[in-house]
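Given the coordinates of chain A, assemble chain B onto it according to the supplied hints.
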Amino acid sequence: MNIFIPLLAGVLIGYLLRIRGRKASLDVPMSAALLLMIFFMGVEAGKVNIDAGWFLGSSIVFAVLTIAGSVGIALLVEGKG
Amino acid sequence: MRFTAYVLTALLIGMAVGHFYAPDFGNLYELMLYALIFIIGIDLGMNFRPSELRKLGVNTVVLPLGTLVGSLLGGLAASVLLGIGLKWGLAISAGCGWYSLTGPLIGQYSAVYGALGFLANLTREILTVVFYPLLSRRLPGNAAVTMGGATTMDTTLAVMTKFGGREVAVVAFVHGFVLTAVVPFIVPLFLQL
Chain A
1 MNIFIPLLAG
11 VLIGYLLRIR
21 GRKASLDVPM
31 SAALLLMIFF
41 MGVEAGKVNI
51 DAGWFLGSSI
61 VFAVLTIAGS
71 VGIALLVEGK
81 G
Chain B
1 MRFTAYVLTA
11 LLIGMAVGHF
21 YAPDFGNLYE
31 LMLYALIFII
41 GIDLGMNFRP
51 SELRKLGVNT
61 VVLPLGTLVG
71 SLLGGLAASV
81 LLGIGLKWGL
91 AISAGCGWYS
101 LTGPLIGQYS
111 AVYGALGFLA
121 NLTREILTVV
131 FYPLLSRRLP
141 GNAAVTMGGA
151 TTMDTTLAVM
161 TKFGGREVAV
171 VAFVHGFVLT
181 AVVPFIVPLF
191 LQL
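Protein sequences appear in the order of chains A and B. Residues 1 to 81 in the working numbering are what the first sequence spells out, letter by letter. Residues 1 to 193 in the working numbering are what the second sequence spells out, letter by letter.
Pulled out of the complex, with its shape left as it was, chain A reads as follows (with noise of 0.2 angstroms):
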């Protein structure tokens, strides 16, 4: 399914709600799905099972390494804007 499928829905129904004027706590039901899909992602995460030590070490370099890269050029724009 595209993504833009939920999130347009969600996004029309949420606009519907604010012109009717009421409010609905989403704190709730956002924690809930977001610790049920990162459950599921630990879960697939869990079963990749290939030469462990390689590529667990191989994918937390490039991990740090891509996030410092993106971060630090983040910073070097941000300061300069």
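Don't read these hints as lab results, they were simulated from the structure. Be aware that one or more of the hints could be misleading.
What the hints assert, rightly or not - Dumping the calculated DSSO-like pairs for lysine-lysine here, alpha-carbon to alpha-carbon at most 30 angstroms:
#1 A:K23 with B:K87
#2 B:K87 with A:K47
#3 B:K162 with A:K47
The model shown is predicted, which means the values in this text are computed figures rather than measured ones.
Chain B only, in chain A's frame:
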């Protein structure tokens, strides 16, 4: 801080369940993602004002472009450090956290680097979920948003909304949206090298 602990606990329990039982939950992960996106949509619909988008200005393009360039530089450094061919390192890092796309794309050329592309980008997403709450308070402006790469329009958007607020949610969504449009073209480009 307490929610971060819940996130870590959910992740660790999930990994243990996946490792020891390898259950097949079908497309539950996808369904939870859509539920989450739907809830985020409601939140945006209730609170978002189009005038807020204008406040982003040039950041709409500059921030995601910087994320991609920074990610590639990180991938370059990782390739040198690990002794991996530049082609693979750049393709992996060009995924910007989009593991479900990067893994299969690279896997067409190499199963090993496809698996690494999947895991490295999944790890980026996990690190974003775990460390965004801490870094968002310490880094100025929207710099912390870039951690999530392309995932900031879906899977990490909830964490950013919860800890960064509604204004960050708009920045994160646009940031992820631009990268989501670009990544499917950039990864194959490096694989052609």
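Here is how each hint holds up against the structure:
For the hint pairing K23 (chain A) with K87 (chain B), the CA-to-CA distance comes to about 51 angstroms; that exceeds 30 angstroms, so the pair is violated. The suggested pairing of K87 (chain B) with K47 (chain A) holds, with an alpha-carbon distance near 27 angstroms, which does not exceed 30 angstroms. Note on K162 (chain B) and K47 (chain A): the hinted pairing holds, with a Cα-Cα distance of about 29 angstroms set against a maximum of 30 angstroms.
Of the numbered hints stated above, the single one contradicted by the structure is hint 1.
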